[in-house]
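Quick mapping for you: the protein sequence lines, in order, are chains A and B. Residue numbering for the first sequence follows our numbering, starting at 1 and increasing by one per position. Residue numbering for the second sequence follows our numbering, starting at 1 and increasing by one per position.
FYI, nobody ran anything at the bench for these hints, they're computed from the structure. Just so you know, these numbers come straight off a predicted model, no measurement behind them. From the three backbone atoms N, C-alpha and C, an ideal C-beta is built for every residue, glycine too. Take the hints with a grain of salt, since some may be wrong.
[As the list claims (entries may be wrong)] Each computed DSS-like pair below joins lysine-lysine, with the alpha-carbon atoms no more than 30 Å apart:
| # | chain 1 | residue 1 | chain 2 | residue 2 |
| --- | --- | --- | --- | --- |
| 1 | B | K134 | B | K269 |
| 2 | B | K93 | B | K191 |
| 3 | A | K31 | A | K188 |
| 4 | A | K163 | A | K83 |
| 5 | B | K93 | A | K188 |
| 6 | A | K3 | B | K93 |
[Unchecked claim] Here are some chain B residues the structure puts well away from chain A; computed CB gaps all over 10 Å:
| # | residue |
| --- | --- |
| 7 | F75 |
| 8 | R124 |
| 9 | T127 |
| 10 | W130 |
| 11 | G132 |
| 12 | F158 |
| 13 | I165 |
| 14 | E175 |
| 15 | G182 |
| 16 | L186 |
| 17 | D190 |
| 18 | L255 |
| 19 | L262 |
[Claimed, not checked] What follows is a list of derived Cβ distance ranges for each label pair:
| # | chain 1 | residue 1 | chain 2 | residue 2 | range |
| --- | --- | --- | --- | --- | --- |
| 20 | A | I19 | B | V187 | 34 to 44 Å |
| 21 | A | K83 | B | F54 | 43 to 53 Å |
| 22 | B | L279 | A | A202 | 25 to 35 Å |
| 23 | A | G300 | B | P265 | 48 to 58 Å |
| 24 | B | T96 | A | A142 | 37 to 47 Å |
| 25 | A | K83 | B | P265 | 21 to 31 Å |
| 26 | A | L164 | B | F59 | 55 to 65 Å |
| 27 | A | T82 | B | K191 | 53 to 63 Å |
| 28 | A | R10 | B | A181 | 40 to 50 Å |
| 29 | A | R10 | B | F88 | 35 to 45 Å |
| 30 | B | F59 | A | V201 | 55 to 65 Å |
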Amino acid sequence: MDKAFASRRRRDLIVAACITAVAALVPLFVKDVYVQNIMVLTLMYAALSQSWNILSGYCGQISLGHALYFGLGAYTTALLYTKFGVLPWFGMLAGGLVSAVIAMALGYPCFRLGGHYFVIATIVIAEIALVLFQNWDWAGAALGIDIPVRHDSWLTFQFTRSKLPYFYFALVLAGIAWFVTWWLEDSKWGYWWRAVKDNPVAAESLGVVVFNSKMGAAAVSAFLVAIGGAFYAQFVSYIDPESVMGFQFSLLMALPAVLGGIGTLWGPMLGAVILIPLTELTRSYIGGSGRGVDLIVYGGLIIAISLARPQGLVSLFARKPKPVAAVVKEAVAS
Amino acid sequence: MTAETIIQSLASGLLMGLLYGLIAVGLALIFGLMDVVNFAHGEFLMIAMYATFFLFAYFALDPLLAAPIVAAALFIFGAVVYLFIVRFAVRAKANTGMVQIFSTFGLAVLMRGLAQYFFTPDYRSITTSWLGGKTISIGGIYLPEPQLVGALIAIAAFAGLYFFINRTDFGRALEATREDAGAVALVGIDKNRVFALGWGLGAALVGLAGAVMAIFFYVFPDVGASFATIAYVTVALGGFGSVFGAFAGGIIVGLVEAVTTLVLPASLKTVGIYGVYLLIVFIRPRGLFGSI
Chain A
1 MDKAFASRRR
11 RDLIVAACIT
21 AVAALVPLFV
31 KDVYVQNIMV
41 LTLMYAALSQ
51 SWNILSGYCG
61 QISLGHALYF
71 GLGAYTTALL
81 YTKFGVLPWF
91 GMLAGGLVSA
101 VIAMALGYPC
111 FRLGGHYFVI
121 ATIVIAEIAL
131 VLFQNWDWAG
141 AALGIDIPVR
151 HDSWLTFQFT
161 RSKLPYFYFA
171 LVLAGIAWFV
181 TWWLEDSKWG
191 YWWRAVKDNP
201 VAAESLGVVV
211 FNSKMGAAAV
221 SAFLVAIGGA
231 FYAQFVSYID
241 PESVMGFQFS
251 LLMALPAVLG
261 GIGTLWGPML
271 GAVILIPLTE
281 LTRSYIGGSG
291 RGVDLIVYGG
301 LIIAISLARP
311 QGLVSLFARK
321 PKPVAAVVKE
331 AVAS
Chain B
1 MTAETIIQSL
11 ASGLLMGLLY
21 GLIAVGLALI
31 FGLMDVVNFA
41 HGEFLMIAMY
51 ATFFLFAYFA
61 LDPLLAAPIV
71 AAALFIFGAV
81 VYLFIVRFAV
91 RAKANTGMVQ
101 IFSTFGLAVL
111 MRGLAQYFFT
121 PDYRSITTSW
131 LGGKTISIGG
141 IYLPEPQLVG
151 ALIAIAAFAG
161 LYFFINRTDF
171 GRALEATRED
181 AGAVALVGID
191 KNRVFALGWG
201 LGAALVGLAG
211 AVMAIFFYVF
221 PDVGASFATI
231 AYVTVALGGF
241 GSVFGAFAGG
251 IIVGLVEAVT
261 TLVLPASLKT
271 VGIYGVYLLI
281 VFIRPRGLFG
291 SI
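Isolated chain A, as found in the complex:
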C-alpha cells in the first residue's frame, strides 16, 4: 500500500474521532427538544445511508428496497419485545441477523440480474414485503404495533423524558457504520467490491468471486440497516408497515449518499448533515408534511447533483491531484 493512502486513512480516522467527540458535546449546549430531535434523525439517516452505501455505493448494486431491512429490524425488535418480552438489545441483534440472512436469500436469485432489472427487483420485493406485513394479523397487520412504554431505562431502551440517550445511541450507531466502512474499505472485501462495481467481467477474470462479493456486501449492509430500524422502533415506540417499510425509507437511505458522494467514505455523513436538517426545517417553515415540500427539495437536489456533480459534494473537498512534474521530482528526490 502506498504511503499517501496510508496517511490519508490515518487522517480519516483522526478526523472521525474529533468529529465524534465534538458531536458528543453538542447536546450539552443545545437543550431545545425540537433541535435535538433533528439531530437524532440526522445521525440515524447518516448511519442508514452509510450502510446502504456499502452495497449500493462500494459494490455498485443500487438498491431502492432497503426499507425492507429497516422494517425487518423494527418489526423483529418490536415483536420479540411485545410478544415474548425479549429485551430490545437482543431484538436488535436478532433483527440484524434476520435481515442479513434474508438479504442473502434474496441476493441469491437477484444478483444474477443486471442493472435496471436488479433495481426494479429491489423495489418490487420491498413492496411485496410491505403488503404481506399489512396483511399479517399476528404482527398487527396495517394497524401496526404499539410498544408499551413502562419507565425510562437503558435495559428496555425507553426514554420518555429526555432525548439524550437516543442521541448518544444514534451517534454510536453512525460511528460504527462509518468505522465498518473505513475498515472494509482497505480490506480485501473493499477492493473486491470496487472491482465488481467498475468491471465485473474483468474482476471475475482476475479471480474475484463476484457473486460472493455481492452477497457479503448485501449481508453487512442489511445487518446495519436493521439495527437502525430497531433503533427507530424504540425511538418512536409505535410502528406500522407503511411507517417503517414504506418506500420513503428506501429513498431517504439512498439520498444522503447520492448527495454527499456515492461509494465514498464521507459522502453519506456529509449528505445526511445537509439533507436532513434542511428538509426538517423547510417542512416546519413552509407548511406541515403532506404539502410535498420535502419531496420538492429531495427531487431538486437529486437532479442537480446527478447532472452537475455525480461524484457528490465530498469531491469539493478532494485535493487536486499534483501535477505530474511534481510527482516525478519527489520520486527522484527520494
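On the provided structure of chain A, position chain B as indicated by the hints.
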C-alpha cells in the same frame, strides 16, 4: 365461483391489460432507443391524468376529447425532459449507472412533490364523463365502457405505432438509432433529434393512457407510483425495449391481476403481479421476449 365470474374477470383483466400495455409502451420505446429507464414514467402518467382532470373541470372537455390535447402536451414535455435532463445524464463521466437512475428518479420525486404542493394530496375524480360508470353487456358479460374504449384506443395506438415505425422516415430513423446510434450519425441523422422525438413519442403514448385512466380512476399525486411499478413489470415481461413485447406483457399482467383477485383477497392484488415479475426475471434474466 362459477364459470361466468371467471370469464367475467378474465374479460375485464384483458381490457385492463391492454391499458397496461399502453401505459408501458412509452417506457419500452425509450429504453429500446437509448438503454435508459425512465424512472419518472409513472409521474408522466400522473400529470396526464391531472391535465385531463383540469381540462374537464375548467373547460368541461370530456376526457375522450381531451386525450389528443393531453398527448400533444405530453409529447412536448417528454422532449423537454430529454433535452434538459436526460441528454446531460447520459453524458456523465463519473458514476454513470447512478446518474442514469437518479436523474429521472429525482424528476419523479420532484414532480410528485410539486403535485402535492399545487394540487394537494386530495383524491379527485371526473364524475360526469360520457363513459364514466357505464357498462355494456356483450353475450351476458358486463364490460365497463371506459376500460373497453381504453382497450380499443390501446389497440389503435399499437397499430399506429407499428405503421409509424415501419412505414415512415422518422420511424426508420428511430429503428436505425436503436440498432446503432454511431452509424446513423455517419449518414447525417441527428441523434439528439431522434432521441428527443423518441422521448416525446413515449410521453405522448403515456399521455393517451393517462387521459383514459382519468375517466375511471382517482387522480392524486402518488397515482403514478403503483402504475409505474406495473409498467416496469410489463416492460420486463416483454423484454426491455421491445415495443410489441410491452403489448404482450400488458395482456399477461392484466390476466395475472384478474386471476390473483379471484383467488386471493383484494389487498394482495399487487403481490401476484410483482411475484410474476420476479419469477420471470429469475428464470429469464432478460425478460420473456428479450434476446439473451
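Results of checking the hints against the structure:
no.	hint	in the structure
1	K134/B / K269/B	24 Å, holds
2	K93/B / K191/B	19 Å, holds
3	K31/A / K188/A	44 Å, violated
4	K163/A / K83/A	26 Å, holds
5	K93/B / K188/A	27 Å, holds
6	K3/A / K93/B	28 Å, holds
7	F75	21 Å, holds
8	R124	16 Å, holds
9	T127	24 Å, holds
10	W130	33 Å, holds
11	G132	28 Å, holds
12	F158	23 Å, holds
13	I165	22 Å, holds
14	E175	22 Å, holds
15	G182	21 Å, holds
16	L186	28 Å, holds
17	D190	22 Å, holds
18	L255	18 Å, holds
19	L262	17 Å, holds
20	I19/A / V187/B: 34 to 44 Å	58 Å, violated
21	K83/A / F54/B: 43 to 53 Å	50 Å, holds
22	L279/B / A202/A: 25 to 35 Å	32 Å, holds
23	G300/A / P265/B: 48 to 58 Å	40 Å, violated
24	T96/B / A142/A: 37 to 47 Å	40 Å, holds
25	K83/A / P265/B: 21 to 31 Å	24 Å, holds
26	L164/A / F59/B: 55 to 65 Å	58 Å, holds
27	T82/A / K191/B: 53 to 63 Å	59 Å, holds
28	R10/A / A181/B: 40 to 50 Å	47 Å, holds
29	R10/A / F88/B: 35 to 45 Å	38 Å, holds
30	F59/B / V201/A: 55 to 65 Å	56 Å, holds
Of the numbered hints given earlier, the model fails hints 3, 20 and 23; all others are met.
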